[in-house]
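Model the placement of chains B and C on the given structure of chain A, informed by the hints.
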Amino acid sequence: MKNEERIFLFFLLFVAVVMTLMSLRFSSSSRLLPMLSGLFVAIMLVFLLATLYAPNIADWYQRFEGRTIMKTDSLTAAERKREIAVTGWFIGAFLLIYMLGFMVAIPVFLFLFFRLYADYDSWFITIVTPGIVTLVVYIAFITVLRVPLYRGMLFELIL
Amino acid sequence: MRKSIIVIAAILFILPTVLTSFTTVVLAEDYPAKDIRWILGGKPGGGFDTYARTIASAMENYLPKGVNVIVENKPGAGHRIAMSSVYHAEADGYTMGMPMMAGLFIQQMYEKQRYDMTKVDWLGMILHDPRVLAVPSDSQYKNVEDLQNAKDLRVPINGFASEADVILANESINIEAKYIAGHKNSNEAVLASLRGDADAVVFTYGSLRDYIRDGQLRPLALYGSDERISEIPETPTLAELGQPDLNKIIGNFRVIAGPPNIPIERLSYLREVIWKAMNDPKCQEKLEKANREINPKDGETTQQIMDELMQQYLEVKKELKPYYDREN
Amino acid sequence: MFHFDTLLFALSMMLTVKGILVMFIGTIIGLIFGAIPGLSGVTALIVLIPMTYGMDPVIAMLLLGSAYGAATYGGAVPAILINTPGEAPNAATVLDGFPLSQKGKSGMALGAAATASTMGGLFGLLVAFFFIPVLSGVVLAFSYAEFLMITIFGLSMIAVLTQGTLLKGLIAGGLGIMFSCVGYDPMTTELRYTFGLEFLWDGIQVVPALFGLLALGEIMDLLIKTLPIAGTTGKRAPGSGVWDGVMETLKRSFLTLRCSSIGFFIGVIPGLGGTVAGFFSYVHAKQTCRNSEGFGQGDVRGVIASEAANDAKEGGALLPTLGFGIPGSAAMAVLLGALTLHGVEIGQSIFIKHLDIVYMLLLSILGAHIFAAGIGLALAEKMALVTRIRPAIFTPILLMICLLGSFTLRNSMGDVVITIIFGLLGYEMRKFGFSRIALLLGLLLGHTAEVSFRQTLMTREGAMSFFSRPISLTILIFTLVSLSYPYISAYIRRRRKVHHEK
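Chains as they are written, first to last, in the numbering used here: chain A, 103 to 261; chain B, 536 to 863; chain C, 644 to 1145.
Honestly, the hints are just simulated from the structure, not real lab data. Here a beta-carbon is modelled for each residue, glycine too, at the ideal position from N, C-alpha and C. Treat the hints with care, as some may be off.
Said to hold, decoys possible - Have a look at the derived ranges for each label pair, beta carbon to beta carbon:
{"#": "1", "chain 1": "B", "residue 1": "Asp-651", "chain 2": "C", "residue 2": "Ala-1106", "range": "36 to 46 Å"}
{"#": "2", "chain 1": "A", "residue 1": "Arg-127", "chain 2": "B", "residue 2": "Glu-854", "range": "24 to 34 Å"}
{"#": "3", "chain 1": "C", "residue 1": "Leu-654", "chain 2": "B", "residue 2": "Glu-807", "range": "44 to 54 Å"}
{"#": "4", "chain 1": "C", "residue 1": "Ile-1120", "chain 2": "A", "residue 2": "Asn-158", "range": "33 to 43 Å"}
{"#": "5", "chain 1": "C", "residue 1": "Leu-654", "chain 2": "B", "residue 2": "Asp-687", "range": "49 to 59 Å"}
{"#": "6", "chain 1": "B", "residue 1": "Asp-687", "chain 2": "A", "residue 2": "Arg-127", "range": "25 to 35 Å"}
{"#": "7", "chain 1": "C", "residue 1": "Thr-1117", "chain 2": "B", "residue 2": "Asn-684", "range": "32 to 42 Å"}
{"#": "8", "chain 1": "C", "residue 1": "Asn-934", "chain 2": "A", "residue 2": "Gly-194", "range": "43 to 53 Å"}
Next up, chain A with everything else stripped away, as it sits in the complex (with noise of 0.2 Å):
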């Protein structure tokens, strides 16, 4: 857990750092905050990241604050699993739009979400619920609103 947040950490450090250092090219007045706040979150990082690593500096910062710093929850190993998983399906959802377009994504994204990771076994919820989903889907967007949705990269390439 504690080197969990680390990499967090450090990686919040690098993304202020790298923002900051781009903001040099910038020209002066546009530069300002982009610099300030890029600045100002590099320290505190860095601020952050002593108190995990020097005890002492973490005691005068609580006694300073009056509040604790550390509040993070722990994950069992069966979580710690899921996390990995759940990360997975967000991003496969998102190719299966980019890919497919939102029509066909969504019946089947819910289908192998309801099947694969939720093991659920009935008709109902697997293929009538995905289906009932689109169809409102459809209604109010294409129906009603006639908002035109992505088509998905497959069918722009094919059509």
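Using the frame of chain A, we list chains B and C on its own:
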């Protein structure tokens, strides 16, 4: 078990695919056979949107039954996102756009863009909306001369890229001012002038009409119109103020365009439908009610006007450059 | 200015069978559009306006006004039940509404939200009703300098809103400000952090970020913990307690009144927006209420504050809209278009020429609030059941709807990518105790802060106007006092304790 999952997923995948492609594949021979997309850079509810939706619904009366005109809002980056998706769409007569002509072309002159306004096919023009230089009605400035003599003027604008022509026009008649950018729309800028943070505003007549009629703003000069407007007969044009050349390139050109190289018979068909729609009495009545003016020009005329316009922009390219690049 | 007979006429038009039917339909449409993430009151109006072309203007106003009035309550429902604000202004409702759901008290939160938004809406409209001519000067009092001070005050609220350590709250807020710099610099023509991607030119949009941080982050957490929102324990049905929520709100009428006035004044200033109104009044409630430790962990007063303010702000937004023809909010801009479509001229003259239409509009918004509250209260128990369902059933559907909603905002796949990225970021932030709301505030206010700062420098007075303009200076002092107040009061308490012990 696994097999059935794959089978069902495949069915779910194929079914909508067939359904969506059905219309395009079967009926592709004669034009128009499917819905026409009208991609806009304006937000829902705004000026571009009102024009497009009204004209789109009128177009449907002149198109074969079942062919709709679907308005698609793609706001962002000063109409550039919308324009580049129109530009790169297939030139099959099923995609059209409503570019913000002046801003897009000015940007194209100085920086490479993902579109080229000189190549697009023009389909029609709804209106050439001139700009009005106006001051709050309680302002100490009564006419253009007062503004020319004034020192330390402030004029609120949306951004330098979209309003470089305004600054050029102002300076051509010796009005020196500092420009406060960053206003989200003309309303915000008008508000800034009403509360005294700025002295004058320069926006299209369409967007300032209500304020002028309501007596909140006083018009002082008309940029981009050959004749005076009958509703504000005392306001002189730029030509009368001694700058006839600039008159042609200033203002908001509400034009309709498609991607380059639309097949000629489809192009003329589409132009005719748009022309009929813009002249449809019901459509004009609706626009009139929404307080939007319309002064339609057909496709060929628009093509000419636009070619001329871009030619004139290129002539002032050097003069315009400093205003385009200006930083605060 | 106030014409009783015109009001009676408008009322008599409204209270016909046709009028009530139209209003009912409008309310239902508004509720549905408000409750679906990605659709909003604005979209409801845009869909309805073409349908009103042929209608009598009075009936048209009735339909539009009621759809618009109901949408804000609609947005509170998913905010409370599934941590997903249906519209951006409901973002502050999430702060206490969702924790209440987690405790199995969705019914109470829904009841409180319905009552508070009705009361807030009523208050806002009544004040607007009687004081439009008197108050319209307020619109002109807020210049660039005041805007900057208000945004700074808003950013200072991060200190109050953050739970857990302040350090992490500040980092989150700073990240938000950094992200608000992405895109086109509005003052020059420079592009910042766009990496050649066109969809980033207008910056990171608030709505996709909101869906990502709050909704997707929560979906991930639910799927990982696999427990229903309200847990599996607890004997009471989550939907019970609707009337507790109603009573709770009525009991705290003074709080509702205060929060409504805050919302109203934020609404008067064009450009600040309803999301800010909700947060401002939430912070006000947290700072002024006794026993405020429970805020953020499911205190019904948080829901009341946010909902009262974001409905009252629409009344405030009527001032610039009707008084100056300057739309006070996005929905008002569309409503303004609808008014002109029906031949109503906007501006001061509206009160002379079209008073009946104005009253009709106000009455229909009022009526919609009451209808919406009624429908909301009647359905609250059923809706609350979602908090007891296994997350694996509704979360994938919610995920799809959120992605769809982000897409339809600008018809851009880029916004879908933003939603996913912010979803993963939101989950990590939640896990490690960073305040997602702080990031959101930074993102929301950073842009306005930057633009108004640089605009102030462009004015004749320049930087001096921060201090020479009385309102600007007042807000600045107020910000400093409210920031230091907890420390000062703690110091005094400590001193007193020492004194007593002696």
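Now for the hints, and whether the structure bears them out:
Against the hinted window of 36 to 46 Å, the Cβ-Cβ separation of Asp-651/B and Ala-1106/C comes to about 43 Å, which satisfies the hint. A hinted range of 24 to 34 Å for the beta carbons of Arg-127/A and Glu-854/B is consistent with their spacing of about 28 Å. Between Leu-654/C and Glu-807/B, the C-beta spacing of about 51 Å keeps the proposed range 44 to 54 Å intact. Between Ile-1120/C and Asn-158/A the beta carbon distance is about 38 Å. The supplied range of 33 to 43 Å therefore holds.
Under the hint 49 to 59 Å, the C-beta atoms of Leu-654/C and Asp-687/B, about 53 Å apart, fit the expected range. At about 33 Å, the CB distance of Asp-687/B to Arg-127/A agrees with the hint of 25 to 35 Å. A hinted range of 32 to 42 Å holds for the C-beta pair Thr-1117/C and Asn-684/B, which are about 37 Å apart. Range check, Asn-934/C to Gly-194/A: about 46 Å between beta-carbon atoms, so the 43 to 53 Å window is met.
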